[in-house]
Amino acid sequence: MTMNPMHDDDIANVMRALGHPVRLNILRILAAQRAGDCCCTDVTQNLSLAQSTVSQHIKVLLDAGLVERHPKGTRNCYSLRADRLADFGIACSGLFTGLTDHPVKELA
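So that you can map any letter, position 63 of the sequence shown is 73 in this note's numbering, and since no number is skipped, the others follow by simple counting.
Hints in this document: simulated from the structure, not taken from any laboratory. None of the values given here were measured: they were computed from a predicted structure. Among the clues, some could well be false.
[Said to hold, decoys possible] Calculated cross-link-like contacts (lysine to aspartate or glutamate; reagent style EDC-like; alpha-carbon spacing at most 20 angstroms):
#, residue 1, residue 2
1, Lys69, Asp47
2, Lys69, Asp52
3, Lys69, Asp93
4, Lys69, Asp19
5, Lys82, Asp47
6, Lys82, Asp20
7, Lys82, Asp52
With the hints as constraints, model all of the structure from the sequences given.
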């Protein structure tokens, strides 16, 4: 797997996409699918939300590049983009490198 460095705009977009509990739950549901793809109706049943709400959250995850769509007949199924998640993890670890080497200033 090739790691691609993420630019600050990409990192910020992914962080915004991860900034809602429903979207985090969608990622967990997709990660739990051993077979790979998970259709929107499956996600909807797991979250007990309206399908339109789930679809809106999935669109945010798609736009951030965290999931990908796989048409299956008349349905759209989704899976995680492991490469993108790995790149994001590396980018985040790089954001905080060296911060712990600096003394923490106490507030008076």
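Which earlier hints turn out false for this structure, listed by number in ascending order? 6
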